[in-house]
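Engineer: Listed below are the residues making up each chain.
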Amino acid sequence: MNENPFTGALAWLADPMRWSGPAGIPARTVEHLGYTALGVLVAALIAVPIGLYVGHTGRFKGLAVGAAGVARALPTLGLVTLFALLVGIGLTAPLLSFVILAIPSLLAGAYSAVESADPATVDAARAQGMTEMQILTRVAIPLGMPLLVGGVRGATVQVVATAMLAAYVGAGGLGRYIFQGLGSQDYPEMIAGSLLVIALALVLDLALLLLQRVTAPRGTAVP
Amino acid sequence: MIGFENVRKEYPGGTLAVEDFTLEIASHEAVALVGTSGSGKTTLMRMINRMVDPTSGRVTIDGEDVAGMNPVALRRSIGYVMQASGLLPHRTVLDNITTVPVLRGTSKTAARERARELMHIVGLDPALATRYPAQLSGGQQQRVGVARGLAADPNILLMDEPFGAVDPIVRDELQGELQRLQRELRKTIVFVTHDIDEAFRIGDRVVILRPGGRIAQVGTPQEILAAPADDFVASFVGADRGARTLHIERIEGRDVIVDADGRAAGVLSAAPARGGADEDRADGTSASTAGQEPPR
Chain A
1 MNENPFTGAL
11 AWLADPMRWS
21 GPAGIPARTV
31 EHLGYTALGV
41 LVAALIAVPI
51 GLYVGHTGRF
61 KGLAVGAAGV
71 ARALPTLGLV
81 TLFALLVGIG
91 LTAPLLSFVI
101 LAIPSLLAGA
111 YSAVESADPA
121 TVDAARAQGM
131 TEMQILTRVA
141 IPLGMPLLVG
151 GVRGATVQVV
161 ATAMLAAYVG
171 AGGLGRYIFQ
181 GLGSQDYPEM
191 IAGSLLVIAL
201 ALVLDLALLL
211 LQRVTAPRGT
221 AVP
Chain B
1001 MIGFENVRKE
1011 YPGGTLAVED
1021 FTLEIASHEA
1031 VALVGTSGSG
1041 KTTLMRMINR
1051 MVDPTSGRVT
1061 IDGEDVAGMN
1071 PVALRRSIGY
1081 VMQASGLLPH
1091 RTVLDNITTV
1101 PVLRGTSKTA
1111 ARERARELMH
1121 IVGLDPALAT
1131 RYPAQLSGGQ
1141 QQRVGVARGL
1151 AADPNILLMD
1161 EPFGAVDPIV
1171 RDELQGELQR
1181 LQRELRKTIV
1191 FVTHDIDEAF
1201 RIGDRVVILR
1211 PGGRIAQVGT
1221 PQEILAAPAD
1231 DFVASFVGAD
1241 RGARTLHIER
1251 IEGRDVIVDA
1261 DGRAAGVLSA
1271 APARGGADED
1281 RADGTSASTA
1291 GQEPPR
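Chains A and B, in that order, are what the protein sequence lines are. Per this note's numbering, the very first residue in the first sequence carries number 1; after that it's consecutive. Per this note's numbering, the very first residue in the second sequence carries number 1001; after that it's consecutive.
Everything labelled a hint here was simulated from the structure, so no lab data went into it. Where is the CB? At the ideal position from N, CA and C, for every residue including glycine. Treat the hints with caution; some may be incorrect.
Said to hold, decoys possible - If you want a taste of the chain B side facing chain A, the calculated C-beta under 7 Å gives, among others:
#1 Val-1072
#2 Arg-1076
#3 His-1090
#4 Leu-1103
#5 Tyr-1132
#6 Ala-1134
#7 Leu-1136
Excised from the complex, chain A in its bound form (with noise of 0.2 Å):
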């Protein structure tokens, strides 16, 4: 294998054989990316009631901190290792790791959108008669949704580009092709499904990019 493996990575995914069947770069993706919504999706859940109600309330506003930063620093792959040996190999372990991957975005996207709303304008809504339910889905989530959106984009990132960890206790999605590629030593497998997994990193942080535009609320600035 004397050839540029990056040379080799694009004839391997160049080769129209790759884009078929149940192994196929297609069907991969289906698999990476649905194991990437139900991981940002089950932390939201969890996360984002959390964080509206830590920052509309301020209540374990240091709890919650304290929490998002431990679960920041845990190793992903530490963890995925760990829950394999608790739960077995298959999709329970890697889900669980991306779910707490993904919470201290989503808990930080929807505290600061809450915390973000002026308190004059809160103040101005609760004199009005809104009830507190209200001025939360009425006010303050209308005027953070950016940030909000700016959580799930952070925490679906980071899931997109960690769950090819997948792979490595038996699950599909594109990070098959990089550990059979290290198991195999065949590098322009590897490199061409770390490509796969970039390119879907950026195309879905572009996705959320101007999903975060688009839910700006109207009448003030972008920020």
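Take the given structure of chain A and dock chain B to it, following the hints.
Structural biologist: Relative to the frame of chain A, chain B by itself:
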């Protein structure tokens, strides 16, 4: 009718905002609470719609203690106009004005129709209906704030330095408009300001507050100007500096009212016959208050 009975507000940490405040505000009366910062004037006003709950004492509306009322329902029944308008930046002028009626369950169509009427009443160009607050001038934003405060047709209107953030010319205009509105609508208005001239102009009665919500003097502008209760009041209304001392100079056959600095404050339209205080107040040109009318 709004009643304050021995109201006290102490914040955790020991800050005493209001020591012991008692006052009765009649229905359809405009009362201006005036004082420097720390006088507790905004705190007192916010007790009426339970944005602040007193530590002790009672605040009543038509005899009923507000402490027993649901704060959300109470706030929806009271108009609130605040400094820098407090409009929702992500909602159009029309949607801002309809906020409270829609919260109270009025249909959107009916609320919007009423909002357009209100825009007319407060002197807003109908073309502004679809604009966002950031696209309006400060004066226009305040007009929207007033329209929103009136939208649910409340009996009580609370106004927290509503014209504090606009330039003097616009402020003068808005004060004039509010006087006109009040003549037509006859709401019970509680108006908070640190500007004594504004208080004299808006208030049927004026409450001058010392720090801690202690009342220095309550009375009509005429009463306060004619007989300041003490040096604090005299200094607050500017009587001690001679700023309120006007005299008449005869210029080209007309009686021109001149203030202590020698600036013309107005022209006397008739001989200074002494009518009742109400009469003086109605035309706004009594010798004692002419100082607030800018020369035209």
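Engineer: Would you pick out the hints that fail for this structure and give their numbers low to high?
Structural biologist: When the structure is compared with the hints, only number 7 turns out to be violated.
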